[in-house]
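Number of protein chains: 2
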Amino acid sequence: MASPADPLSPTSPFPDRAQRQANRAAKREALLLAAVRMFNERGFHDTSLDEVAASLGVSKPTIYHYLGNKDQVLLECVLIGLDQLREAAAIASARPGRGIDRLRDFLIRYARINMDDFGRCVIRTGDEALSPESATRFRALKREIDSALRDLIVAGIADGSVAPADTRLLAFTLAGALNWPARWFAADGPLSAQQVAEQMVDLLVAGVAPR
Amino acid sequence: MASPADPLSPTSPFPDRAQRQANRAAKREALLLAAVRMFNERGFHDTSLDEVAASLGVSKPTIYHYLGNKDQVLLECVLIGLDQLREAAAIASARPGRGIDRLRDFLIRYARINMDDFGRCVIRTGDEALSPESATRFRALKREIDSALRDLIVAGIADGSVAPADTRLLAFTLAGALNWPARWFAADGPLSAQQVAEQMVDLLVAGVAPR
Chain V
1 MASPADPLSP TSPFPDRAQR QANRAAKREA LLLAAVRMFN ERGFHDTSLD EVAASLGVSK
61 PTIYHYLGNK DQVLLECVLI GLDQLREAAA IASARPGRGI DRLRDFLIRY ARINMDDFGR
121 CVIRTGDEAL SPESATRFRA LKREIDSALR DLIVAGIADG SVAPADTRLL AFTLAGALNW
181 PARWFAADGP LSAQQVAEQM VDLLVAGVAP R
Chain Y
1 MASPADPLSP TSPFPDRAQR QANRAAKREA LLLAAVRMFN ERGFHDTSLD EVAASLGVSK
61 PTIYHYLGNK DQVLLECVLI GLDQLREAAA IASARPGRGI DRLRDFLIRY ARINMDDFGR
121 CVIRTGDEAL SPESATRFRA LKREIDSALR DLIVAGIADG SVAPADTRLL AFTLAGALNW
181 PARWFAADGP LSAQQVAEQM VDLLVAGVAP R
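Protein sequence lines correspond, in order, to chains V and Y.
Just so we're aligned, residue 1 is where the first sequence starts under our numbering, counting upward by one.
Just so we're aligned, residue 1 is where the second sequence starts under our numbering, counting upward by one.
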C-alpha cells in the first residue's frame with residue numbers, strides 16, 4: 001500500500017515499490033496457473049511455453065522472465081502443490097480430538113488438494129519428468145507428507161481410534177485411493193470436490209465389509 | 001510342432017511354418033517386454049526405440065518390423081495389460097461364493113497385475129500419451145474393467161456381503177488405492193507383490209476404524 005505521506009499517492013500512474021511487488025506476484029501467479037492447467041490437461045511433454053504464454057496474450061520471454069525455463073516452471077508448480085499438502089498436514093495435526101478425527105481431517109484436505117490444479121500436478125508428475133536434482137527434492141517433500149500421514153495413523157492406533165495395521169502400507173493405501181481423483185475428477189461432474197473427498201474418506205474409514 | 005511326416009524333421013536347420021511363427025512370437029514378446037520396462041522406468045517420452053533395440057542387441061528397424069512405431073508399441077503394451085485385467089475380472093466373476101469373495105479375488109489379481117510390467121504401463125500411461133483414436137480405445141477398455149468391478153460390488157451389496165455404498169465412488173476408491181503400487185512397488189522391497197496385494201485388499205475390506 002502507498003504511504004499516506006507519499007506525494008504521488010493516491011492518483012499517481014507510477015506504482016510504488018509495494019505495488020510493483022504485488023503486481024509482479026500477481027503476474028507470476030497467473031502464469032503458473034495457466035501453465036499448471038495446461039500441464040494437467042495435455043501432459044508436461046506436450047505443453048509448450050509458447051502456448052502457455054499465448055493463452056495469457058504474452059510471449060515466451062515473459063514466462064522466462066517471471067518463472068524460468070519449462071523445467072523450472074514444472075518444479076515451481078509441484079512445489080506449490082506440496083506446500084498446500086504440508087499446510088494441510090500441519091492444520092490437521094494441530095486439531096484437538098482423537099487420532100481418527102485428525103486423520104480424517106487430513107485425508108479430506110489431501111483429497112481436495114489433489115483435485116485442485118497444483119495438487120493434481122504433484123500427482124501427475126513422475127520423477128522422470130524432473131531433473132535429477134529436482135526429482136530428489138520432489139521425493140524428499142513427498143516423503144514429508146507421507147511421514148505426516150503415518151504419524152497421524154500411529155496416533156490413531158495409539159488412542160484406539162484406528163485399527164492396528166502396517167502403518168506404511170495403510171498410508172500408501174489411503175494416499176493411493178485419494179491420489180486417483182487427480183486423474184478422474186471433473187469439476188462439472190455430479191459431486192463437488194468436497195463431496196467426493198468426504199465420501200471417499202468415509203468409505204476408507206468404514207471399509208467394504210458391512211459393520 | 002513339426003509334423004512327424006515332415007522329411008526335414010527333426011534335425012533340419014530350416015524351421016517349418018509353426019517354428020517360424022513361434023520364433024516370431026517370441027521375438028515380439030521380448031521386444032515388448034524390453035520396451036515396457038524402459039517406458040515404466042524412464043517414462044514414455046524419455047524412451048527411444050533405439051535404446052530399446054540396443055538393450056536386446058538389435059536395431060530400431062527390427063522393432064518397426066515386429067511392432068511398428070513408438071506409439072504403436074505403447075498401445076500394444078497397454079492392450080496387453082488391459083487384457084490381463086479383463087482376464088482377472090472374468091476369472092473372479094466366475095468363482096463361486098459370496099460377492100465379497102469374488103470382489104476380493106478380483107481386487108487381489110488387479111493389484112498384482114498393476115505391480116507387473118504391462119499393468120504398470122496401463123497405470124502410468126495418460127490418455128495424452130496416445131493418439132486420439134488409441135486414447136478412445138484405451139478409455140473404452142478401462143471402462144470395461146471398471147464396469148466389471150462395479151458388477152462385483154453390486155453383487156456383493158445384493159447378497160449383503162458388501163456394505164451399501166455409491167458403487168461408482170467405491171469402485172474408484174478401491175481401484176485408485178490398488179493402482180498406486182504401480183508407482184511405488186519395488187520387487188526387492190520387504191513384501192512380495194502377492195503380500196502387498198493381499199494386505200492392501202484386507203485393509204480396504206476392513207476399513208481404518210476398529211471393528
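Hints in this document: simulated from the structure, not taken from any laboratory.
Just so we're clear, the structure is a prediction, and the values are computed from it rather than from any experiment.
Among the hints, erroneous ones may be present.
Identical chains blur together in the list; that is why a pair holds if it fits in one copy or across any two.
With a straight-line cut-off of 25 Å between C-alpha atoms, the simulated DMTMM-like cross-links for lysine to aspartate or glutamate are [as the list claims (entries may be wrong)]:
1. K60 - D151
2. K27 - D146
3. K70 - D16
4. K142 - E41
5. K70 - E128
6. K142 - E51
7. K142 - D188
8. K142 - D116
9. K70 - D46
10. K60 - E76
11. K60 - E144
12. K27 - D202
13. K70 - D101
14. K27 - D127
15. K70 - D151
16. K70 - D159
Against the structure, the hints come out as follows:
Neither within a single protomer nor between protomers do K60 and D151 lie at most 25 Å apart by alpha-carbon distance, with minima of 43 Å and 50 Å respectively. Taking the shortest alpha-carbon separations for K27 and D146, neither the intra-copy value of 32 Å nor the inter-copy value of 42 Å comes in at or below 25 Å. Taking identical chains as interchangeable, the C-alpha atoms of K70 and D16 are never at most 25 Å apart, the minima being 31 Å within one chain and 54 Å between chains. In this assembly of identical chains, the alpha carbons of K142 and E41 lie at most 25 Å apart whether taken from the same copy (22 Å) or from different copies (19 Å).
In the homo-oligomer, the alpha carbons of K70 and E128 lie at most 25 Å apart both inside one protomer (14 Å) and across protomers (18 Å), since each shortest distance falls under that limit. For the homomeric pair K142 and E51, neither the shortest alpha-carbon distance inside one copy (29 Å) nor that between copies (31 Å) is at most 25 Å. In this assembly of identical chains, the alpha carbons of K142 and D188 lie at most 25 Å apart only when taken from different copies (21 Å versus 29 Å within one copy). In this homomeric assembly, K142 and D116 come within 25 Å of each other (Cα to Cα) both inside a single copy, at 17 Å, and across copies, at 24 Å.
Taking the shortest alpha-carbon separations for K70 and D46, both the intra-copy value of 12 Å and the inter-copy value of 16 Å come in at or below 25 Å. Within a single copy, K60 and E76 get their C-alpha atoms as close as 17 Å, which meets the 25 Å cut-off; across copies the closest is 37 Å, which misses it. Neither within a single protomer nor between protomers do K60 and E144 lie at most 25 Å apart by alpha-carbon distance, with minima of 34 Å and 42 Å respectively. In the homo-oligomer, the alpha carbons of K27 and D202 never lie at most 25 Å apart, since the shortest distance is 39 Å inside one protomer and 49 Å across protomers.
Taking the shortest alpha-carbon separations for K70 and D101, neither the intra-copy value of 40 Å nor the inter-copy value of 49 Å comes in at or below 25 Å. Taking the shortest Cα distances, K27 and D127 never come within 25 Å of each other, neither inside one copy (28 Å) nor across copies (31 Å). In this assembly of identical chains, K70 and D151 lie within 25 Å of each other by CA distance neither inside one copy nor across copies; the values are 35 Å within and 44 Å between. For the identical chains of this complex, K70 and D159 are neighbours neither inside a copy (47 Å) nor across copies (53 Å), given an alpha-carbon limit of 25 Å.
When each numbered hint is compared with the structure, violations occur for hints 1, 2, 3, 6, 11, 12, 13, 14, 15, 16.
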